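Trainee: Residue-level listing of the chains:
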Amino acid sequence: MATLTMRQAISQALWEEMERDEKVFILGEEVGVWGGTYAVTKGFYDHFGAERVRDTPISEAAIIGAGIGAALTGMRPVAELMTINFAFSAMEHIVNEAPKLHYMFNGQMTVPMVIRTVGGGGRQLGATHSQTPDAIFAHFPGLKVVAPGTPADAKGLLKAAIRSNDPIFFIEHATLYQSRGEVPDGDYIVPIGTSKVQREGKDVTIVTYSKMLESSLKAAEQLAKEGIEVEIVDLRSLRPLDMGPVIESVKKTNRVIVAEEGWKSYGVGAEVSARIYEEAFDYMDAPIKRVAQKEVPLPYNADLEQLALPQVEDIIAAVKEVL
Amino acid sequence: MEKSEYLDLYRQMVEIRILEENAMELYQKGKIGGFLHLYIGQEAVSTGLISARRPEDNVITAYRDHGVAINCGLSANEIMAELLGKATGCSGGRGGSMHMADVTKNFWGGHAVVGAHLPLAVGMALGDQLQKKSGITICMFGDGATNIGYFHEALNLSKVWELPVLWVCENNHYGMGTAVDRASAVPEIRQKAAAYNMPSDSVDGMDVIKVREISERMIAEVRAGSGPQFLEILTYRFEGHSMGDPERYRKKDEVRKWKESDPIGIYHKYLVSEKIAKESELSKVEAACEQIIAEAVQFAESSPEPAPDTLFDNIYADKN
Chain H
-1 MATLTMRQAI
9 SQALWEEMER
19 DEKVFILGEE
29 VGVWGGTYAV
39 TKGFYDHFGA
49 ERVRDTPISE
59 AAIIGAGIGA
69 ALTGMRPVAE
79 LMTINFAFSA
89 MEHIVNEAPK
99 LHYMFNGQMT
109 VPMVIRTVGG
119 GGRQLGATHS
129 QTPDAIFAHF
139 PGLKVVAPGT
149 PADAKGLLKA
159 AIRSNDPIFF
169 IEHATLYQSR
179 GEVPDGDYIV
189 PIGTSKVQRE
199 GKDVTIVTYS
209 KMLESSLKAA
219 EQLAKEGIEV
229 EIVDLRSLRP
239 LDMGPVIESV
249 KKTNRVIVAE
259 EGWKSYGVGA
269 EVSARIYEEA
279 FDYMDAPIKR
289 VAQKEVPLPY
299 NADLEQLALP
309 QVEDIIAAVK
319 EVL
Chain P
-18 MEKSEYLDLY
-8 RQMVEIRILE
2 ENAMELYQKG
12 KIGGFLHLYI
22 GQEAVSTGLI
32 SARRPEDNVI
42 TAYRDHGVAI
52 NCGLSANEIM
62 AELLGKATGC
72 SGGRGGSMHM
82 ADVTKNFWGG
92 HAVVGAHLPL
102 AVGMALGDQL
112 QKKSGITICM
122 FGDGATNIGY
132 FHEALNLSKV
142 WELPVLWVCE
152 NNHYGMGTAV
162 DRASAVPEIR
172 QKAAAYNMPS
182 DSVDGMDVIK
192 VREISERMIA
202 EVRAGSGPQF
212 LEILTYRFEG
222 HSMGDPERYR
232 KKDEVRKWKE
242 SDPIGIYHKY
252 LVSEKIAKES
262 ELSKVEAACE
272 QIIAEAVQFA
282 ESSPEPAPDT
292 LFDNIYADKN
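Sequences listed follow chains H and P, in order. So the first sequence is numbered by my numbering: it starts at -1 and just counts up by one. So the second sequence is numbered by my numbering: it starts at -18 and just counts up by one.
So here's chain H without its partners, still in its complex pose (with noise of 0.2 Å):
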């Protein structure tokens, strides 16, 4: 065990991971000479080579698509793309062709890539730099959209997605590069589909991923203080979604949060919402409640867009509301 930042946690996985196999190789705008914009493949370039630590041009599209055609023939890509933002330039990719191709060619074709990226906001940088759309990408089938929100699981989950046959968009956040935790040292797998309970209490549930587990855990420390005891279950990935720890939960505390980052319509608590009553209704003592963003395009301001996210304090008054 070591304590590391995301930052520190994801690299390392990548690196361990490139060692380990010779087929694994990374592709995206600056990930090479730079050493990545956020720092995470500084050193892999001058330690791996040009040709493992492959800068591109800006076209996300090429970098997506390459990615599936070298898989195809039998490598292990991890295609980056610089922010979430850019993935709607490679959305025919992303959606529309590497999870189509296993099942559209009756299983002849498989595509083991990892799309590495990063979304959030929270940081200035105005209405098309700074979304959560990670619903979006967890409709497909064929795809599995996983999103860590601890260093450990960071690794853990990098690892188990590079050495997956399917395509995995992983989602990284930009706030939590710098968070800190502690990590298991070497090979360490989390498996892909698992959720899993970051701390346990019996009043209320809290379902919630990525930055906002972190937002959680704030809040479940404050209503602690007060003799509330919140129990979180951290979705780790959004397909395939794995509702077996939700629904236990929720058989315990019957009372339900669900945290997301992104807008509230047609999100990931919505579709958390859906299955808790689908599967569970009986024994909900309250309405679900979900925090979420704002249902504006983020704006500059830092006032403005702090105002717009989802606060700590949203989630201290959603679990209030249901008790």
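Everything labelled a hint here was simulated from the structure, so no lab data went into it. Among the hints, erroneous ones may be present.
[Unchecked claim] Distance condition first, Cα-Cα at most 30 Å in a straight line; then the derived BS3-like pairs of lysine-lysine:
1. 21/H <-> 140/P
2. 140/P <-> 40/H
3. 21/H <-> 232/P
4. 21/H <-> 256/P
5. 114/P <-> 21/H
[What the hints assert, rightly or not] Distance ranges between label pairs, derived from CB positions:
6. 169/P <-> 49/H: 44 to 50 Å
7. 124/H <-> 229/P: 32 to 38 Å
8. 11/P <-> 124/H: 35 to 41 Å
9. 37/H <-> 130/P: 25 to 31 Å
10. 226/P <-> 295/H: 37 to 43 Å
Please read all numbers here as calculations on a predicted model, not as lab measurements. All C-beta atoms, glycine included, are put in the ideal place defined by N, C-alpha and C.
Position chain P against the provided structure of chain H, taking the given hints into account.
Mentor: Then chain P, alone, in the frame of chain H:
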């Protein structure tokens, strides 16, 4: 070329033509669903091109793919069965007309979104290069695909990385119903390759021998390390863009004129006048193709539908 190879090119072209004519009929009877894009008139393009490849060379194409499948060595049986959506089809009835493939023959489909497979070709060439494989990647697409962003991103990246790709534009003069000069700022499409510092050439796509010769040269150069090259093959589809196309965008006279350059007729005449084959030998090939396709229709019609309990098969490759 050996005589048998000349005759095999003829066999492939005739087999494609008869397969497509039968597909048209089956579509009209309602036995084939979805969209159906026929290759009639363009047979010499993929026949000449793909006959020049080695088995290790990847072929990837767009949705007008039945002919390419024949040229890559797929059987008429599995193609016809795929058209009918049967379990015995080359894609198990999951793909249909636009999504045929046989990876064991390095035929990688069959891709239905215009231009979207071009970036895949870049990656396939990269993957082979990184694994020190000797194959090149042959990527076919229509004239319409040269106006979409994927085309430009893919050509640029293939040149930046000097990858072994032969880009092949099948210019049949219309992107659906829009003539090339109404859609492309550069009507001579091969000129677009110059923007990416890529050697290019063009050829008459109604003449299978010419297509074969130029393809042999360019494939050899790409294999030898020239970096990507661009080949424009000029051709014409004799039928509509897909079944049910009212063809308001072109005059009957124009179609009639092109039909005078039927690639099968041209090649037939060539084989006889060059004394490579006798009329009677070619008739035998034609009869054999009729037989192959008749059997394929029979095979497809009598094949089982995919079982309902296979609906969820192959969504993911991981077993858990």
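Trainee: So, for every hint listed, does it hold in this structure?
Mentor: Hint check results:
no.: 1; hint: 21/H <-> 140/P; in the structure: 22 Å, holds
no.: 2; hint: 140/P <-> 40/H; in the structure: 26 Å, holds
no.: 3; hint: 21/H <-> 232/P; in the structure: 53 Å, violated
no.: 4; hint: 21/H <-> 256/P; in the structure: 52 Å, violated
no.: 5; hint: 114/P <-> 21/H; in the structure: 14 Å, holds
no.: 6; hint: 169/P <-> 49/H: 44 to 50 Å; in the structure: 36 Å, violated
no.: 7; hint: 124/H <-> 229/P: 32 to 38 Å; in the structure: 46 Å, violated
no.: 8; hint: 11/P <-> 124/H: 35 to 41 Å; in the structure: 53 Å, violated
no.: 9; hint: 37/H <-> 130/P: 25 to 31 Å; in the structure: 30 Å, holds
no.: 10; hint: 226/P <-> 295/H: 37 to 43 Å; in the structure: 42 Å, holds
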